[in-house]
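*Asks:* Given next are the chains, with one letter for each unit.
2 protein chains.
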Amino acid sequence: MAVFVYKFGGTSVGSVERIKAVAEKIKKSRDQGNHIVAVVSAMSGETNRLTGLAKEIQSSPNNREMDVLLSTGEQVTMSLLSMALHEINCPACSYTGGQVKILTDSMHTKARIREIDDVKVKKDLDKGRVVVVAGFQGIDEEGNITTLGRGGSDTTAVALAAALKADECHIYTDVDGVYTTDPRVEPKARKLDKITFEEMLEMASLGSKVLQIRAVEFAGKYNVALRVLSSFEEGEGTLITYEESEMERALISGIAFNRDEAKLTITGVPDLPGVASKILCPVADKNIEVDMIIQNIADDATTDFTFTVHRNDYERAKKILEDICSDLGAKEVTTDDTIVKISIVGVGMRSHAGIASTMFKVLADEGINIRMISTSEIKISVVVDEKYLELAVRALHKAFELEQE
Amino acid sequence: MAVFVYKFGGTSVGSVERIKAVAEKIKKSRDQGNHIVAVVSAMSGETNRLTGLAKEIQSSPNNREMDVLLSTGEQVTMSLLSMALHEINCPACSYTGGQVKILTDSMHTKARIREIDDVKVKKDLDKGRVVVVAGFQGIDEEGNITTLGRGGSDTTAVALAAALKADECHIYTDVDGVYTTDPRVEPKARKLDKITFEEMLEMASLGSKVLQIRAVEFAGKYNVALRVLSSFEEGEGTLITYEESEMERALISGIAFNRDEAKLTITGVPDLPGVASKILCPVADKNIEVDMIIQNIADDATTDFTFTVHRNDYERAKKILEDICSDLGAKEVTTDDTIVKISIVGVGMRSHAGIASTMFKVLADEGINIRMISTSEIKISVVVDEKYLELAVRALHKAFELEQE
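Top to bottom, those sequences are chains A and B.
Here the first sequence stands for residues 1 to 405, numbered as in this note's numbering.
Here the second sequence stands for residues 1001 to 1405, numbered as in this note's numbering.
Please note that the accuracy of each hint is not assured.
[Stated by the list, open to error] In silico DSS-like links for lysine-lysine, alpha-carbon gap of 30 angstroms or less: (1) LYS120/A - LYS1127/B; (2) LYS123/A - LYS1101/B; (3) LYS101/A - LYS1055/B; (4) LYS1101/B - LYS55/A; (5) LYS1331/B - LYS101/A; (6) LYS55/A - LYS1028/B; (7) LYS1286/B - LYS1331/B; (8) LYS101/A - LYS1127/B; (9) LYS1028/B - LYS1194/B.
None of these hints come from the bench; they were simulated from the model.
Kindly produce the complete structure, drawing on both the sequences and the hints.
*Replies:* Below is the structure:
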């Protein structure tokens, strides 16, 4: 008998009607002879409601108590889903993270899973019950309630699948799979049947917000077959798995992009050892996350240093650079918050040369100026003016024939 | 240092503003050097909201899952109160029933407390923290979440006070104490400074809904000094305690009444052994609770049998009696659902004769016909037509001089 872990996000359990629909979906699979563990998020809107209450009391709520508060969201959903299963004569039992138990460290609001005790869950599965588990939450060694941070329910599902050695972990969401690119930008975007963990990680980190990065990392590490599906439509979704020989044929799996970046450059920096850290340490000290980093030699004695940050951090980063510019003996600071990053992702790059030059030629043919380039083993990213985003994505999608199977 | 357990009901924590006020009240007491454990209910309205969700899914929700669902109500309050305490620099820590842990039996939706582990709470108190505990809930031996049923938060507070050997257990509510009778019926009703456990039990069971009966029983059994106070006004409230010599002076402590009763009589029943059980067993089989029971001999061979039930059960009880009437060889069934029960309660009755006759004379002087009489050691109850309720209560209140200290 196959064991499946199904995860249903906030939208999928956003109303009583949707919870009933989820119960029907689970029952159908169970009737086919499968063992099912269902991991649920809080009903959509609930987390915001609770956060709102907390903020009325403390502008910066106590982290431990915030976890106590927020963890009630999933607890409500899990009991309602279990009731919906009982209502259609499907035996079920719900557990909080603490009850399972999902042991985490004590970093409240962003805890990490250390260990999962699968005894209770297995016992219930053996009795033919569907086990409903609250996502996003756990318990530390002292018995305090912890939460895993935004999107933590995906991580709960994958960790449970790993612990139970489940056949597949299904992430039910409001999209029906992973696409070659955002269909709102390129209507010809095609749903992928398969994608590798590495590709998914690159896609996720670049703004394809289907899955949490931590969940994908976890799935990759413990070799959990992950499938992204729609909770509203039928379909096979997209399977995220290890690279297989047949997959090598695809050069590029998808095009990801990120509209939220801003670019900062400090020019004419004396090219001495330690200059990079002198620039980036003050930025990191202010908890600003840096994405792309590029350093180019301008002439024999000086260098130009460029990096990108989230647009929310743009003004603060700019201020920091301007403050250190003269200390470094640099020339000037130039910045731009009207840029986007576009990346092509694919494991096929490993074994095929010339993909980068194809990408650059496609953009050049469209008259798009490339402002920055950064590459990794399975990804090539470029920074361009934001006005070119749609044009660039569509041209690349066509050039790499992503609309075709 | 004194240890106090404070319990705040749903109205007392019904909004963010009220939770902040409760936090101030707690801090004030802590600043006076007291150790405080605060037991909280769900915010008013929340239990109904959750029950509504459940009923949309299951007309008769699964009991285990209902407990999982409802227990989130107190969990939300406890985290918000703990945050409110942090906000005013009062160290605090919140625990669910399971975290404490409050061990109960496995009777979901009406579990009973078996044992309280006070290690965690004591440790926090010793560190100078206010401990906020979710009322109404516990955990069974298998780790399932249980709830204690309506008003269970009072029981949690008393049980915690017993376990911690607290100096007093304060029940904060929306009234400022226990009154000699309902002030809406007799405006001269006076707040009592003290009342005995036994009197409080009789008052509570007769419709003075200030405290849960189970909580009072528990407090009596474990000798927990219980105090009922208003969470909105200052004041000493009413202390519920063991009988003391000074209290013997009061003949009557209060007048309780119950508008929800109906009376059923079966007349001309052959007076044979076992007849009472033949009448009451079919009633009990239908889960109808019987309150007063009176049997009178009509003549040598037959008897009249009368009992009262809650008005909600009136029609069903009537049907049962009519069905068994001919089997019993009885004459007829007469019923009345326009009656009320009025009781005078006081430990003074034990040592003073003539209280019953005073009561009957007062009612006779007002022209009120007594339909049934029942007495216990510290209580005399009469059933009268409901139209006489106010008249009877006011006359008795005056006759027993309850408006005077």
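*Asks:* Would you mind marking each hint as holding or not holding in the structure?
*Replies:* Here is how each hint holds up against the structure:
no. : hint                  : verdict
1   : LYS120/A - LYS1127/B  : 35 angstroms, violated
2   : LYS123/A - LYS1101/B  : 24 angstroms, holds
3   : LYS101/A - LYS1055/B  : 29 angstroms, holds
4   : LYS1101/B - LYS55/A   : 29 angstroms, holds
5   : LYS1331/B - LYS101/A  : 65 angstroms, violated
6   : LYS55/A - LYS1028/B   : 23 angstroms, holds
7   : LYS1286/B - LYS1331/B : 23 angstroms, holds
8   : LYS101/A - LYS1127/B  : 28 angstroms, holds
9   : LYS1028/B - LYS1194/B : 24 angstroms, holds
This entry does not satisfy hints 1, 5, going by the numbered hints stated previously.
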